[in-house]
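Enquirer: Sequence:
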Amino acid sequence: MDKNAIFLQEAANDGQTIFLYYDGMSGVYLAYGLSAFYTTLVTEPYLSFSDEMQMPVAILTKKHVLYLHQSLHTEEHVVKSFYRFKLKTLVGDAGYEKWLQKIMAK
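According to my numbering, the residues represented by the sequence shown are 1 to 106, in order.
Simulated from the structure, these hints should not be mistaken for laboratory data. Be aware that one or more of the hints could be misleading.
[Unchecked claim] Label-pair distances were calculated between CB atoms; the ranges are: (1) A94 with F7: 30 to 38 Å; (2) H73 with M104: 27 to 35 Å; (3) D51 with H73: 31 to 39 Å.
[Said to hold, decoys possible] Straight-line alpha carbon distances no greater than 30 Å define the calculated DSSO-like cross-link-like pairs of lysine-lysine that follow: (4) K63 with K102; (5) K102 with K86; (6) K62 with K102; (7) K88 with K62; (8) K62 with K98; (9) K3 with K106; (10) K86 with K3; (11) K62 with K80; (12) K88 with K63; (13) K3 with K63; (14) K3 with K88; (15) K80 with K63; (16) K106 with K63; (17) K106 with K62; (18) K106 with K86; (19) K98 with K3; (20) K102 with K3; (21) K3 with K62; (22) K80 with K3; (23) K98 with K88; (24) K86 with K62; (25) K98 with K63; (26) K63 with K86; (27) K102 with K88; (28) K86 with K98.
All C-beta atoms, glycine included, are put in the ideal place defined by N, C-alpha and C.
Work the whole structure out from these sequences, hints included.
Expert: Right under this line is the structure:
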């Protein structure tokens with residue numbers, strides 16, 4: 001996972017895209033920033049805050065990813081590397097700050 005690429009993608013998130021990155025060591029997919037927020041609108045991932053990335057992180061098991069795959073439009077997928085899903089409606093960042101404060105308080 002290229003940290004700079006992740007940061008840039010999340011900074012330019014269009015308000016309805018979920019980017020997932022595969023972590024080979026643990027066998028899970030990770031979503032950061034707005035992508036992490038958007039995953040919570042569709043499924044219930046494990047949530048934390050990444051000190052390294054300085055963003056919230058959603059940890060998704062195969063079950064979570066399968067649910068996203070069944071519920072959303074998959075725009076791009078590279079096996080065991082990357083997913084890009086599109087939400088059906090534009091969400092933007094409404095509610096993100098309040099959600100972030102809850103994650104930070106844990």
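Enquirer: What hint numbers does the structure not satisfy?
Expert: 1
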